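Q: Below are the chains, spelled out letter by letter.
Number of protein chains: 2
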Amino acid sequence: MPELMPADSVGLVEPKVIPFDQSLSLNCGERLEGFQLMVETYGELNHSRSNAVLICHALSGHHHAAGYHSMADRKPGWWDNFIGPGKPIDTRRFFVVALNNLGGCHGSTGPTSINPETGKPYGPDFPMVTVADWVNSQVMLADHLGIAQWAAVIGGSLGGMQALQWSIAYPERLRHAVIIASAARLSAQNIAFNEVARQAILSDDQFSGGRYLEENNIPRKGLGLARMVGHITYLSDDAMGAKFGRELKNAGFSYDYNVEFQIESYLRYQGESFSGSFDANTYLLMTRALDYFDPASDYENSLPDALSRATASFFLASFSTDWRFSPERSREIVDALTGVDKDVTYLEVAAPQGHDAFLINIPRYVRGLSAYLNRVAQECL
Amino acid sequence: MPELMPADSVGLVEPKVIPFDQSLSLNCGERLEGFQLMVETYGELNHSRSNAVLICHALSGHHHAAGYHSMADRKPGWWDNFIGPGKPIDTRRFFVVALNNLGGCHGSTGPTSINPETGKPYGPDFPMVTVADWVNSQVMLADHLGIAQWAAVIGGSLGGMQALQWSIAYPERLRHAVIIASAARLSAQNIAFNEVARQAILSDDQFSGGRYLEENNIPRKGLGLARMVGHITYLSDDAMGAKFGRELKNAGFSYDYNVEFQIESYLRYQGESFSGSFDANTYLLMTRALDYFDPASDYENSLPDALSRATASFFLASFSTDWRFSPERSREIVDALTGVDKDVTYLEVAAPQGHDAFLINIPRYVRGLSAYLNRVAQECL
Numbered sequence: 001m002p003e004l005m006p007a008d009s010v011g012l013v014e015p016k017v018i019p020f021d022q023s024l025s026l027n028c029g030e031r032l033e034g035f036q037l038m039v040e041t042y043g044e045l046n047h048s049r050s051n052a053v054l055i056c057h058a059l060s061g062h063h064h065a066a067g068y069h070s071m072a073d074r075k076p077g078w079w080d081n082f083i084g085p086g087k088p089i090d091t092r093r094f095f096v097v098a099l100n101n102l103g104g105c106h107g108s109t110g111p112t113s114i115n116p117e118t119g120k121p122y123g124p125d126f127p128m129v130t131v132a133d134w135v136n137s138q139v140m141l142a143d144h145l146g147i148a149q150w151a152a153v154i155g156g157s158l159g160g161m162q163a164l165q166w167s168i169a170y171p172e173r174l175r176h177a178v179i180i181a182s183a184a185r186l187s188a189q190n191i192a193f194n195e196v197a198r199q200a201i202l203s204d205d206q207f208s209g210g211r212y213l214e215e216n217n218i219p220r221k222g223l224g225l226a227r228m229v230g231h232i233t234y235l236s237d238d239a240m241g242a243k244f245g246r247e248l249k250n251a252g253f254s255y256d257y258n259v260e261f262q263i264e265s266y267l268r269y270q271g272e273s274f275s276g277s278f279d280a281n282t283y284l285l286m287t288r289a290l291d292y293f294d295p296a297s298d299y300e301n302s303l304p305d306a307l308s309r310a311t312a313s314f315f316l317a318s319f320s321t322d323w324r325f326s327p328e329r330s331r332e333i334v335d336a337l338t339g340v341d342k343d344v345t346y347l348e349v350a351a352p353q354g355h356d357a358f359l360i361n362i363p364r365y366v367r368g369l370s371a372y373l374n375r376v377a378q379e380c381l
Numbered sequence: 001m002p003e004l005m006p007a008d009s010v011g012l013v014e015p016k017v018i019p020f021d022q023s024l025s026l027n028c029g030e031r032l033e034g035f036q037l038m039v040e041t042y043g044e045l046n047h048s049r050s051n052a053v054l055i056c057h058a059l060s061g062h063h064h065a066a067g068y069h070s071m072a073d074r075k076p077g078w079w080d081n082f083i084g085p086g087k088p089i090d091t092r093r094f095f096v097v098a099l100n101n102l103g104g105c106h107g108s109t110g111p112t113s114i115n116p117e118t119g120k121p122y123g124p125d126f127p128m129v130t131v132a133d134w135v136n137s138q139v140m141l142a143d144h145l146g147i148a149q150w151a152a153v154i155g156g157s158l159g160g161m162q163a164l165q166w167s168i169a170y171p172e173r174l175r176h177a178v179i180i181a182s183a184a185r186l187s188a189q190n191i192a193f194n195e196v197a198r199q200a201i202l203s204d205d206q207f208s209g210g211r212y213l214e215e216n217n218i219p220r221k222g223l224g225l226a227r228m229v230g231h232i233t234y235l236s237d238d239a240m241g242a243k244f245g246r247e248l249k250n251a252g253f254s255y256d257y258n259v260e261f262q263i264e265s266y267l268r269y270q271g272e273s274f275s276g277s278f279d280a281n282t283y284l285l286m287t288r289a290l291d292y293f294d295p296a297s298d299y300e301n302s303l304p305d306a307l308s309r310a311t312a313s314f315f316l317a318s319f320s321t322d323w324r325f326s327p328e329r330s331r332e333i334v335d336a337l338t339g340v341d342k343d344v345t346y347l348e349v350a351a352p353q354g355h356d357a358f359l360i361n362i363p364r365y366v367r368g369l370s371a372y373l374n375r376v377a378q379e380c381l
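Those protein sequences? They're chains A and B, same order as listed.
The C-terminal position of the first sequence is numbered 381 in our numbering, with every residue numbered one higher than the one before it.
The C-terminal position of the second sequence is numbered 381 in our numbering, with every residue numbered one higher than the one before it.
If you're looking for bench data, these hints aren't it; they were derived computationally from the structure.
What you are looking at is a predicted structure, and each value in this text was computed from that prediction instead of being measured.
Among the clues, some could well be false.
Each pair may be met inside one copy or between any two copies, as identical chains are not told apart.
Claimed, not checked - Quick list of in silico lysine to aspartate or glutamate cross-link-like pairs, DMTMM-like style, CA-CA up to 25 Å:
#1 Lys-16 to Asp-335
#2 Lys-249 to Glu-30
#3 Lys-243 to Asp-298
#4 Lys-243 to Glu-300
#5 Lys-249 to Asp-125
#6 Lys-243 to Glu-272
Turn these sequences into a full structure, and let the hints guide you.
A: See below:
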């Protein structure tokens, strides 16, 4: 809890539900007849409506990117390090829009929402959504907010994929794409980790074919396991070693399957707390959206061809010990962009934290992103 | 099935049960009053009993390291690439002993064995065994076979840890330790993967507190998940990419949680076939043995101090893309050994296959190991 609100915080913020009564056709062939998005905004839209930036979230993120919902909150929004007055995404200069994606479990229409056709939660009947679907829904959000062109679309990890998709699908609707710790598509290993997470959820006997909410239940163990697997991939081997090493929970070994090492305690805690706060069907859906993303596939597997449509300028950043989306994966995008003569700035940051680094105040990263967004802000004047 | 037995095969082999009626005190404080080990041997013990080598197996291995049990076998033993006449572990020169470790599920006393006190399978009551316990039981095996000193103790991965432990605990009983793709102890990340595997098994509702055999059942899903996680760590990102890439199972996406990508199909198959052939309690126990192994911990966390007791010569090998036990982990052992003036040969092999490389015929690896073992064999004459 902030006793006094920090001076560089956006302060108390309020999420807002935005209903859409237009239908949305999805990649999977199904159609949503209306939906809602949960949104937060920080800062003010300027007179020329030119200073709006969109924050796209990663796998387990949501609309609450910065500030506090009440003075009793222990923690601010998930990217509060980066959004606020004087921070890289400076709310004195930008009008910042953050949303919970379609299919999410934080207020936007998703598997936990009531299916109007049945009066029960959608559960497994919620249609599969893709990164392209998300961007289409975000275009409707932009229209609703009267934003013809984003100053920037910004995201890390799966969020970066959305920024990339924006630049290809709606080139005229953004001036900058900021793509951090991301990739143009998953590798076989990335998909393999997602598949383990999905199988953990699907094979939990409390999953009930996805209709657990109707039974007042949740597949706690499966979702916890999925999160444990995820967490291993978010941290570097070194970061985990530095944080936990082989430190024991108690003085000696107990020679059983209870917690012996601190790393076990950490993982179990992460799994348990996540499984109480996130929806399993949403987790399945988000991992599939990751798997399916591959914008080059529409261009005979040529990423340069896909990106040749883009008119935005690009900023990419990656982190040396990120083994989920390694610097090599960012360089693939950078090389594809430079190959088709796009304007691209690339920052490779030496950081021990692994994939999680994109959430962390790392001086060189903060300075690089700030410098780039300063340029973006100057164009908005 | 070999239509004709290959000329460089050890041919048809027969496993043998060796009972021990002595008691064995275990690290965990419990004691086994007698046990049995399942063993295979290849080649002939020479007159001076100086040409015996011990093969230690890894997590899911066993006594059947080479040859065939019948002409109908589709596959030979797990390290048949390396054991046979003219192969690196040349059975014309060495008497090769391979065993299933205590706690295993391939014929040695373990959780699937009948507990004489209850008349039912041990299940979760089988005591925790450590690498040091295994080596103690292997000493009893050596005594039984009349082998005062092994020409070499050889192992990959967890097997390499046993060779390392031999060199420290029983320096006078081996002339060479051959340690391949191994480590002196697990990292936090290694333990984390093991913990996910264990939680998958423990949280399977068919696990029944480990007493599934009494209920004529197996925790198939949990064990399958554990194996899927393991498989990801056995292959390199590149190897998985080269083998599966983003190849689809069918012509297009079906937008559901059935198999979309070949890598999913592969992992599910690996998980399912393993869960039908391996014991879950044994899997738990083997992963814990990995976690606990840390010979330096008895020497104020100084690996050089631990290794200063050794009198064997050492051969170590590692593989460039092995991220389970990376070359760095082998170099730690090499540096510790050279720091205390031990005789050590180290081979770092460029290989795309990841951890699994230690099982594969890679020319430079085969040549290096052959050259070293040729030296070992010449000393046996």
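Q: Indicate, hint by hint, whether the structure satisfies it.
A: Hints versus structure:
1. Lys-16 to Asp-335: neither (39 Å within a copy, 60 Å between copies)
2. Lys-249 to Glu-30: Between. Shortest inter-copy distance 22 Å satisfies the 25 Å Cα cut-off; intra-copy 50 Å does not.
3. Lys-243 to Asp-298: between (43 Å within a copy, 23 Å between copies)
4. Lys-243 to Glu-300: between (44 Å within a copy, 20 Å between copies)
5. Lys-249 to Asp-125: Between copies only: 23 Å across chains, 43 Å inside a chain, cut-off 25 Å.
6. Lys-243 to Glu-272: Only inside one copy: Lys-243 and Glu-272 sit 20 Å apart there, 35 Å across copies, limit 25 Å.
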